[in-house]
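From first to last, the protein sequence lines stand for chains A, B, C and D. Here our numbering is used: position 77 in the first sequence is 77, and no number is missing along the way. Here our numbering is used: position 75 in the second sequence is 75, and no number is missing along the way. Here our numbering is used: position 62 in the third sequence is 62, and no number is missing along the way. Here our numbering is used: position 41 in the fourth sequence is 41, and no number is missing along the way.
These aren't lab readings, by the way, just hints derived from the structure by calculation. Glycine included, C-beta positions come from ideal geometry on N, C-alpha and C. No incorrect hints appear here.
Mimicking BS3-like on lysine-lysine, the simulated pairs with C-alpha atoms at most 27 Å apart in a straight line are: (1) A:Lys26 to C:Lys154; (2) D:Lys59 to D:Lys300; (3) D:Lys335 to D:Lys299; (4) D:Lys59 to D:Lys302; (5) D:Lys330 to D:Lys296; (6) C:Lys154 to C:Lys84; (7) D:Lys279 to D:Lys189; (8) C:Lys51 to D:Lys146; (9) D:Lys218 to D:Lys207; (10) C:Lys154 to D:Lys37; (11) D:Lys207 to C:Lys317; (12) D:Lys182 to D:Lys279; (13) B:Lys90 to C:Lys154; (14) C:Lys84 to C:Lys51; (15) D:Lys146 to D:Lys182; (16) C:Lys80 to C:Lys51; (17) D:Lys37 to B:Lys90; (18) A:Lys26 to B:Lys90; (19) D:Lys300 to D:Lys330; (20) D:Lys302 to D:Lys335; (21) D:Lys146 to D:Lys189.
Part of the chain C face toward chain A, derived, beta carbon under 10 Å: (22) Val20; (23) Asp93; (24) Phe95; (25) Leu126; (26) Asn127; (27) Phe132; (28) Ser137; (29) Val157; (30) Glu171.
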Amino acid sequence: MTTAHVVFYLLAAFTVTAAIFVVLAKNIVHCAIALVFAFFGVAGLYVLLDAEFLAAVQVLLYVGGITILLLFAIMLTSLISARGVRIMNEQVASSALVVIIIFGLMTFASLKGIAFVGPPPPPAYVTASLGRLLMTTYVLPFEAVSILLLAAMVGAIILARREREKD
Amino acid sequence: MVPLSHYVVLGTVLFAIGMFGALTRRNAIGILMALELMFNAVNLNFVAFSRYLPVTLLQGQVFAIFVITIAAAEAAVGLAIVLGLYRNFKTINVDEIHLMKW
Amino acid sequence: MEKLVERFYGAFAALGVSSVVPQVTLMVAIAIAMTLFISVSVMFMIWWERKISAHIQVRYGPMRVGGWHGWAQSIADGIKLLLKEDIIPAGADRFVFALAPIVVFAAAFAAYVIIPFGPNLIVRDLNIGVLFYISISSLAVVGIVMAGWSSNNKYSVLGALRSAAQAVSYEVPLVVSILGVIMMVGSLSMVKIVEAQQGIWFIVPQFVGFLIYLTAAIAECNRLPFDIPEAESELVAGFHVEYSGMRFAIFFLAEYANMFTVSAIATTLFLGGWRGPLLPPWLWFLLKTYFLIFIMMWLRWTLARLRVDQLMNLGWKYLLPLAFLNMGITGLVLVLRG
Amino acid sequence: MGETEILEPVAELMEEMYVNMGPQHPSTHGVLRLMLKLDGEMVTEVVPYIGYLHRCHEKIGENRIYVQVIPYTDRLDYLSSMYNNFGYVLTVERLMGLQVPERAEFMRVILAELQRIASHLIWMGTFGLDLGNFTIFMYCFREREKILDLFESVSGQRLNYSFYRIGGMPMDFPDSFLTECKSFLEWFKQRLPEYDAVMTDNIIFQKRVQGLGRLDQKTAIDYAISGPMLRGTGITWDLRRNDPYSIYDRFDFEVPVGSSGDVWDRYMVRRREMTESVKIVEQALRQLPPGDIMGKVPKKLKPPAGDIYSRVESPRGELGFYIVSDGSEKPYRYKVRSPAYVNLSVLPVIGPGHLVADMVAILGSIDIVLGEVDR
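Build out the structure end to end from the sequences listed, making use of the hints.
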């Protein structure tokens, strides 16, 4: 049991607890806040995996971007006051069954199917090589993704825009 | 160092939780959140594999970046749709929105 | 500094304890030191701002507490805030209400990790340095929305949403304005950035970037030309209307701590960090940082507030294209030079 | 007010919500309550609710003898008490046909114009606050303080002077007043460029107020708007010029007008009026004749039966007093036409279509004093 182990288990427990909160909390704003913590836990795990850049991006995008967007949407649709409302639909039991089956299968597959090798020595400078990869080997997907983002942005604006009543 | 299997199982757990949420939530925004959780679970696996595979080519991290980008796009469009739904139905509980036409 | 740390570790190793103990001890010690530094510098900044505003407005400002020019005023105010009753509004979401100031302060506090006060005088020289600051500062927005929502008050929700919109939209020009510097250095590390400014400070080649950064940073700090989230004539106080006493003090602390952070980052990125003749490096660093803080205060007490749409226009239509242009030209020059 | 619909406290949608601004709100300049219907940040409807400061001013006036009403008029528009006194005593004098000595007339004009400067200063300072400029507030109050010092040396009071009497003035200026007043004016003229530096020439300020709360000439006339608000629309209407009372016809001054009737024009009109008021005071000080300050007034004031409406140009606009006398010692009917009240009535017209932040600026530009709105 090294420090890394302790940190991993702490982070894992933190992330899973937050994730459970996200799914089960009654108040949707609490869900969003729990989601922030889950994202943070995952970012911590990234750091543990020597992926600092990705951790920073995770925090920047998920916490600073997506959660804020979610919170905005929650405030705008103002279901905050609906506190006593049922949050789950009727398919809780069947969903639970499906999820457990899938979880079992995936765990089984991943534990059986992967040859576990020890980790190689940590890479020298991840961020630079990551940037180089994105600009050489993966430049086409990179550009495609940026166009996708642009399209999504335009789409979102058009969807969310409200037609002003003409009078 | 923590063995790879730990990360993989953690990813699976997160994925299962997210999936459960996506299947059972009534609130459309709640479903979106659960989806984001699933994205994160997948990303965790990508990054873990990229770290543990013998040749560190970083493909896993590159892919994770793409996934994050897609997640951002998905959130933006998804939330725009939620706003649109709310405007038309005055609710964002997906099981109440079952009309094909109105 | 490094030798000191090595000796510290050595002493523990000699005692035969595992390396975790000195690590944790060191972490706690640094955290306490940073907390102390933040509190003292914030108290000084509050007093200083009151003095500056007073002299701009032909007043004296605090003169009584502590004798010389009321230097102890902030301490007295701080004690007062700490001793006040802790009020949580009836309709508030207690847990989130209590959590929000902590989140906001944590974001402000974490940013101090990467501030290089001098050579070797940095908590941790992360190789993602600047990016760490950018990502961690976005956490504060979540805290602000939490605070606004949990207070169960229309005004605070409105203030929080405005604040979030402002912070998110000004983060983009802020990041892009920094990119010019990062491209010139080729590294995100704060120490490397300062080291790269051996000959010439980056404010000279990156003057536009500096201006954009400063503008966006003031907007990020919600200070006066851009203090729309807190506009007391419209929203009374913004997201923290319902906060009082200790919790309010934490928000206040975070606000000023943030101001120090953005100025310190600007000093590092554009003003050569700790570099300077004669005086010790840390003093140079503080002098430059406080000079930038002074500019921010000066602006605050002479300008009127922008309107929310003007704010967005400025951010998206002027600052962002300008920042992109700056980045493009920097890249072009770098490529042409080879 | 007209009929207003019953507003629901909690709107179903965030997209259209009602926000209650005031009566305890820093930007309503007193106890005004505005019901704002918001579409996002956009104001779609403004309904002012007034009456929080109602003190039965007119009814009280009808139960007091004529002289006793003067102190009450102080409390109408408590930022320009001198002018309220002026308007009231002028009305009673006209009703009774009294003659006022020349020196008293000059004193009245000097004090009234100083009061106008003080009132505009307060307006400018608080308007700066509305827009987030704190410094101009301190500057304006510094100058106003000097005017109040002058008033204190004359009347012994700093806010509610009650200094005008029916038929003249109660006391002459103290000996030091003339020199002090002159030195103040000199000093003040040097301060005006400071205001321009902080406010008028500031690009942020210009961008904030230009094109805001535009009031066209027809609406202004339809709503009986007066004062700087009316002049901002480009109509040259100043009672000191168009319906001269007292001795205003003897002075040489300009009537500043705007062009588009937006907040910027209202600001500029008030800003330039300060300069004009300085001119008037200077001329009056120069021409100030010696002589009596109190005319021949009967011990018991019993105006002949009849009615009269008389108006003055207060810093806020047309301040009118309507008095019906039945020949007794007390007014039979006493009515105040307060400019702030009338000007406020146009807010539901010019307010909608602006952001909340601009609502504050528009409300500020109307320059209301709740003491006068509610009476």
